[in-house]
Amino acid sequence: MNTKIFLSEEDIPRRWYNVMADLPSPLEPPLHPATGKPVVPDDLKAIFPMELIKQEMSPDRFIDIPGEVLDVLRLWRPSPLYRAYRLEKALKTPARIYYKWEGVSPPGSHKPNTAVPQVYYNMKAGIERIATETGAGQWGSALAFATTLFGLQATIYMVRASYTQKPYRKSMMQVWGAECIPSPSTRTNSGRAILEKAPDTPGSLGIAISEAVEDAATHDNTNYSLGSVLNHVCLHQTVIGLEAREQMATVEHYPDTVVGCVGGGSNFAGISFPFAGDKLTGKHPDIDIVAVEPASCPTLTKGIFTYDYGDVAGLTPLLKMYTLGHDFVPPAIHAGGLRYHGGSPILSRLVHDGVIRAVSYHQNEVFTAAQTFARSEGIIVAPETSHAVKAVIDEALKCRQSGEAKTILFNCSGHGNFDMSAYDAFYAKALVDYEYPEQLIRESLARLPKVG
Amino acid sequence: MSWRYQSPPHFTSTNNQNTILRSFLIMKTIGFLINPIAGMGGAVGLKGTDGMLAEAISKGARPMAASRAHQTIDLLKDVPLRYITCSGPMGEEVLEEAGITGFLVVYQTPQVTTAADTKEACREFLKSGAELILFCGGDGTARDLYDVVSDTVPLLGIPAGVKMYSAVFAVSPAAAAEILRTGASAPLHLRDAEVMDIDEEAYRKGELKAMLHGYAKSPYLPGFVQGAKQVYEDQDEDLAKAGIGRFIAEVIRGTPDILYIIGPGSTTRAIARELDIEKTLLGFDAVQDARLEGSDLNEEGMLALLANGRPARLVISIIGAQGSVLGRGTQQVSPRVLSRIGTGNIIIVATPHKLAETPYLFIDTGDRELDAAFGEFVTVISGYHIAQRKKVGSGNPE
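If you read the protein sequences in the order shown, they are chains R and Z. According to the numbering used here, the first sequence holds residues 514 to 965 in order. According to the numbering used here, the second sequence holds residues 16 to 413 in order.
By construction, these hints were calculated from the structure, which means they are not laboratory data. Yeah, the Cβ is synthetic: ideal placement off N, Cα and C, and Gly gets one too. Treat the hints loosely; a few may be bogus.
Distance condition first, Cα-Cα at most 25 Å in a straight line; then the derived PhoX-like pairs of lysine-lysine [what the hints assert, rightly or not]:
id, chain 1, residue 1, chain 2, residue 2
1, R, K815, Z, K406
2, Z, K142, Z, K43
3, R, K517, R, K602
4, Z, K406, R, K942
5, R, K792, R, K911
6, R, K833, R, K550
One side only, chain Z facing chain R, incomplete, derived with CB under 10 Å [unchecked claim]:
id, residue
7, R261
8, I273
9, S397
10, H400
11, Q403
12, K405
Quick look at which bits of chain Z chain R covers, simulated, 3 or more residues with Cβ under 8 Å [as the list claims (entries may be wrong)]:
id, stretch
13, 262-272
14, 362-372
Work out the full structure, taking the sequences as your base and the hints as a guide.
Right under this line is the structure:
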């Protein structure tokens, strides 16, 4: 049997799948931070194009992928589905392990699956420039890649600490013609205010978001773009799961377990929402869908399901989601893409309803898992992806004990070629296993006023 | 020179609130002292040298402190530091061997040295404007120096003694050199470092009686624990303590029905500061709903407060350089006290820097069953709403 399962370019999905159509009841709407009333399309017009706003609120089960977007996706899609024979052998497991390899995209992760359509819709709306933020640089490089293909400009506010520490992501953005600025910068009021108070600040994702949103809101030709959390982002990523389901069907398999890592939730949504749809509609009611997050930022396993802001400053609409509190600053783990206090509202709802279950792991154990994967399958995964790998290995080892030949599918969301310092730290035994002291945090908040 | 000399206070109050030193310091003038006999007992299996020098020598022990100190000084040859030292084996010889010139000898070393010489030399250093005391010795040397300088002048130890439970020691002679090299040109971070006092007589009989003697200031390099992707790990000790203090103070306010017994240390004192109560630096104090219920408690005092099944928690920090939780400087917390409180009600706090230095934690309650109840891992509060999982080591840290 083949190690790689390919689809032809003709088989790229023509429609995104919108799991909102299959929820038993509609998603709770985002609320306006000032009025507390549900957000209406006009509220978002200053920073998003109307097509994306419509997708954000769409009840339709399928949404067509424009031809010009498909033309770009063809550069790397359909991505290969691998059967992890060597990992199975290393683990001595009867389980069948499949992984969807999204590291084949030019920027090296799943992020361009949404960067490309987002830039496309902005281009159609006459927007000339996109402003966004990036932490580790995965999203920034994906957006730089997409804007260069559609002839838009990009201004990317990169958290200053990463800007200095991860020079090669910044270099990629430059090759793709984007302007990459260390944040906080002197470009925006919010950046200047921070620099005045703390000139040596390393910056943060929260600050970078504020700068990008301000940039977009104050320039008519500029819109803002977000790489995760929002419904339309999750929608665009469903090409991953739709392809994977087709690829598995060609070898007459359907997963018993689907696994992905979760920060804001977009790569997880990509691999899992088509299968969650099968579960919700009763086609495969028993499928086990597992979201994996870091123990240091355990939004889904230890957060509260409530309305909260999407950003630190509290400027975004209130979203109904699992949250650790918008003022929670996650510890500095290497899986920077998983350091988010909240999560996709759709994913949160599915976890709340028991359609998806969540687990969490510590830093050192996920790097050990990533090492096992690298030494069997060869791919050195991103620290984020290593969380999914760890959960898969644990599931496979359970199969070894029980003798069950389960079929496990996971999203191998990106390579770790720019994350070697993280692996170095792992080998130097310098990685800290952070935890979230849930009970004490709840007690500490007991006397604080309720917000939101 | 950016620092001005101030006479050190000669007291060992348990409630020393002095914070004369700034957190950041550029250091040019170094008081350099070697305890020439440090480490000799250990080399011949004596577990310490205090009062055992003659026996150590008769067993063939040879001075080793000088060679350890030489390793540090040799690495500092090109660093523009001004040394103030003692004659002969207490400093001068090592500086000369390393080719250092222009140092000042302010204390004449007698034929046989004792703790009194360490203290007297240290006083002379201070009179001559030493901004930091670099010493080579063990816990006894650290204790003697601390008795003179308290927390007014930082101490940095080159490890050479048999027992080094105190946290003023660099991990190696080379590490001590690295700290001084940095401190000669850039502001250096200072932290509170435990000075431990060990009863060597009891120790040689196989009994470890480590008392917390005080908190000295000691320089450290705030290395970033990780090359973080998005944010720097904040390794500033004062900020970390403030974060821990704010968090636990909020917990205490949020649980007004629970009595909190708060152990010694400057990390736990940050909690008291947030609650606006006076806390003893070296003692155990009790707090409920942000009210002070008892100060400097002994075992009986704790048991009295814990009577009638009163719900309680114990807040303790890691004591000393080897990652000890309980068992070092916490003799008041007996197995009886711990059983009343319950191991599930113990909150351990420590700064990220302290945790980075101690790969394992060691729990020694004096009761093996109780030790085992902590399990393989413990959670340590290391910042505001942040904790770390630390592995519990087996056996004794030494």
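Of the hints stated earlier, which fail here? Violated: none.
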